[in-house]
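Residue numbers (the working numbering), protein chains in the order written: chain P, 33 to 342; chain G, 33 to 342.
Some hints could be false.
Same chains, same names: a pair is fine if it fits in one copy or spans any two.
With a cut-off of at most 16 Å between alpha-carbon atoms, the simulated EDC-like pairs for lysine to aspartate or glutamate come out as follows [to be verified]:
(1) K70 / E35
(2) K70 / E53
(3) K70 / E322
(4) K70 / E164
(5) K70 / E319
Honestly, the hints are just simulated from the structure, not real lab data.
2 protein chains.
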Amino acid sequence: MLERFLAGDERALARLISLLEAGDIRGTALLRDARAHKTVQRSHVIGITGAPGAGKSTLTDGLIFACRARGQRVAVLMIDPSSPFTGGAILGDRIRMGKHHADNGVYLRSMATRGALGGLARTVVSTLSALELFGFDVIFLETVGVGQSEVDIASVADHVVVVLTPAGGDAVQAFKAGIMEIADVFCINKADLPGADRLQREIRAAQELGAHDEHTHWAEIVQTVASNTQGITTLLEAIDAHRVWLGEAGITARRLERARFELNQAIQDAARRLLAAREAELLPRLERGELSADDAVRELLYGAPPPVES
Amino acid sequence: MLERFLAGDERALARLISLLEAGDIRGTALLRDARAHKTVQRSHVIGITGAPGAGKSTLTDGLIFACRARGQRVAVLMIDPSSPFTGGAILGDRIRMGKHHADNGVYLRSMATRGALGGLARTVVSTLSALELFGFDVIFLETVGVGQSEVDIASVADHVVVVLTPAGGDAVQAFKAGIMEIADVFCINKADLPGADRLQREIRAAQELGAHDEHTHWAEIVQTVASNTQGITTLLEAIDAHRVWLGEAGITARRLERARFELNQAIQDAARRLLAAREAELLPRLERGELSADDAVRELLYGAPPPVES
Numbered sequence: 033m034l035e036r037f038l039a040g041d042e043r044a045l046a047r048l049i050s051l052l053e054a055g056d057i058r059g060t061a062l063l064r065d066a067r068a069h070k071t072v073q074r075s076h077v078i079g080i081t082g083a084p085g086a087g088k089s090t091l092t093d094g095l096i097f098a099c100r101a102r103g104q105r106v107a108v109l110m111i112d113p114s115s116p117f118t119g120g121a122i123l124g125d126r127i128r129m130g131k132h133h134a135d136n137g138v139y140l141r142s143m144a145t146r147g148a149l150g151g152l153a154r155t156v157v158s159t160l161s162a163l164e165l166f167g168f169d170v171i172f173l174e175t176v177g178v179g180q181s182e183v184d185i186a187s188v189a190d191h192v193v194v195v196l197t198p199a200g201g202d203a204v205q206a207f208k209a210g211i212m213e214i215a216d217v218f219c220i221n222k223a224d225l226p227g228a229d230r231l232q233r234e235i236r237a238a239q240e241l242g243a244h245d246e247h248t249h250w251a252e253i254v255q256t257v258a259s260n261t262q263g264i265t266t267l268l269e270a271i272d273a274h275r276v277w278l279g280e281a282g283i284t285a286r287r288l289e290r291a292r293f294e295l296n297q298a299i300q301d302a303a304r305r306l307l308a309a310r311e312a313e314l315l316p317r318l319e320r321g322e323l324s325a326d327d328a329v330r331e332l333l334y335g336a337p338p339p340v341e342s
Numbered sequence: 033m034l035e036r037f038l039a040g041d042e043r044a045l046a047r048l049i050s051l052l053e054a055g056d057i058r059g060t061a062l063l064r065d066a067r068a069h070k071t072v073q074r075s076h077v078i079g080i081t082g083a084p085g086a087g088k089s090t091l092t093d094g095l096i097f098a099c100r101a102r103g104q105r106v107a108v109l110m111i112d113p114s115s116p117f118t119g120g121a122i123l124g125d126r127i128r129m130g131k132h133h134a135d136n137g138v139y140l141r142s143m144a145t146r147g148a149l150g151g152l153a154r155t156v157v158s159t160l161s162a163l164e165l166f167g168f169d170v171i172f173l174e175t176v177g178v179g180q181s182e183v184d185i186a187s188v189a190d191h192v193v194v195v196l197t198p199a200g201g202d203a204v205q206a207f208k209a210g211i212m213e214i215a216d217v218f219c220i221n222k223a224d225l226p227g228a229d230r231l232q233r234e235i236r237a238a239q240e241l242g243a244h245d246e247h248t249h250w251a252e253i254v255q256t257v258a259s260n261t262q263g264i265t266t267l268l269e270a271i272d273a274h275r276v277w278l279g280e281a282g283i284t285a286r287r288l289e290r291a292r293f294e295l296n297q298a299i300q301d302a303a304r305r306l307l308a309a310r311e312a313e314l315l316p317r318l319e320r321g322e323l324s325a326d327d328a329v330r331e332l333l334y335g336a337p338p339p340v341e342s
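Produce the complete structure using the sequences and hints provided.
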């Protein structure tokens with residue numbers, strides 16, 4: 033399987049991602065072996081986020097075609113952490129995959145959430161590593177919803193595109209959820225609807241309020257009508273411009289943030305595993321005051337052998 | 033100091049809480065020693081939460097007098113995690129403390145937030161333990177704001193009173209923030225304002241929507257006008273009724289939740305300490321793919337000696 037993966041067999045890639053999703057240690061082992069055999073080329077990791085109905089899928093499809101026209105190999109990772117079901121997503125995905133089916137340079141994968149976002153977030157990061165190692169030039173990370181989970185997931189991308197529409201309330205909700213702060217590029221999609229210019233002014237006003245000094249970098253605002261590919265090229269150029277603005281140092285800083293995010297998730301997973309194995313014993317002692325929380329942590333971390341992973 | 037604490041000297045209690053706030057290990061050591069010398073009597077821990085301006089302070093003051101009339105010793109822990117400043121709180125606190133100054137059976141303490149909520153939440157739990165050990169019959173835990181931090185902090189109380197007012201939007205915001213689900217008792221304060229009955233009907237309707245079967249326990253709704261002590265006795269009785277409904281088993285379950293919360297916070301603190309000490313070394317290796325997150329965690333947790341606490 034390692035050989036097939038290294039040879040560029042997409043079925044090997046799909047199998048690896050499934051192993052990573054399942055938390056199977058053969059997945060991480062394979063990823064490690066593959067890393068030892070191949071130099072990682074950094075992909076451009078582009079997060080696309082926004083409320084349901086903002087037209088993210090259509091937008092991403094447009095971006096895929098634009099990247100393909102440049103000769104780039106493209107992967108899309110679609111995530112819906114808010115939905116425990118995948119039925120709808122799978123149907124939609126099939127239609128989308130159909131569009132790109134004949135194209136070997138495009139790989140689409142949707143990620144079923146399994147309740148625990150912690151687990152999902154980790155899987156997303158390791159899947160990104162797998163896609164990067166496989167050799168895609170561009171990886172789109174598409175998340176549905178507006179909330180902390182989107183902020184978290186977006187933090188693993190090199191560039192975050194926040195998609196809004198002139199339809200009422202989008203911007204307000206996004207502001208409240210803190211998603212505006214993570215935008216590197218704003219995309220006002222469905223810009224043929226009334227209110228697109230007003231929304232653009234609102235975003236600009238919010239940016240001015242938030243600007244700390246004249247060196248603050250303002251996220252570019254691009255209007256698109258994804259359904260007829262209007263503005264797609266401009267959007268891609270805005271992402272490119274952000275990459276130039278970031279520079280090598282900026283991108284490395286983002287990658288270190290991604291590593292920190294992954295490590296934090298991994299530590300929390302390990303802590304949960306450790307606690308779950310012994311909580312029936314430790315919590316009553318803590319509750320009765322026989323043990324302090326610090327002592328309990330010491331006992332958990334250093335008084336017991338490392339947990340056996342499933 | 034241990035002797036003074038055990039003898040009931042409030043200055044020793046104040047000093048212990050300051051040590052716990054500062055994360056000084058002498059605090060946890062003293063708490064442990066005190067536990068070894070004294071049997072813990074469970075206090076009634078009552079969380080009071082709601083948006084700023086809902087009248088929580090006045091309400092708590094009323095409850096203090098009502099508890100004192102029953103001959104109970106009362107402590108109040110006031111927390112404002114949303115504010116990085118304590119100036120305003122300190123002024124307000126002084127006025128409040130003035131009211132109860134002559135009364136040895138009342139102890140008020142406000143907690144300055146120090147940025148990291150994790151740290152604050154842990155301090156709150158250990159301070160609760162200190163107050164409980166000191167021998168208060170009732171501890172009010174007063175939090176300002178409506179958000180995840182309030183939900184977290186409220187989860188360490190035996191009873192959670194959510195304070196709302198007829199003034200517009202309170203209920204909607206609380207519903208959105210998930211604070212309605214944690215209410216054991218609803219208090220509609222400023223019930224002399226128009227809209228109190230409407231708000232009560234809205235809460236009841238929301239409860240009916242959320243009810244899973246006929247055994248669902250509905251949080252009681254009490255209307256108060258704290259400024260003239262109207263409804264305070266009824267509110268206290270509703271809290272008593274909730275304690276009866278919980279029973280010993282229910283209260284123990286809540287205490288185990290509090291222990292789980294504290295332990296989770298302590299694990300996260302330990303993980304942060306571990307990571308902070310070695311992130312400059314580990315993150316670049318993770319970013320370059322030389323190390324997997326699981327390997328990094330193993331190295332953090334088991335490859336290094338336990339971190340030295342400050």
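Consistency of the hints with the structure:
no. : hint       : result
1   : K70 / E35  : within (11 Å within a copy, 66 Å between copies)
2   : K70 / E53  : neither (22 Å within a copy, 50 Å between copies)
3   : K70 / E322 : between (53 Å within a copy, 12 Å between copies)
4   : K70 / E164 : within (11 Å within a copy, 60 Å between copies)
5   : K70 / E319 : between (51 Å within a copy, 15 Å between copies)
Checked against the numbered hints listed earlier, the structure breaks hint 2 alone; every other hint is satisfied.
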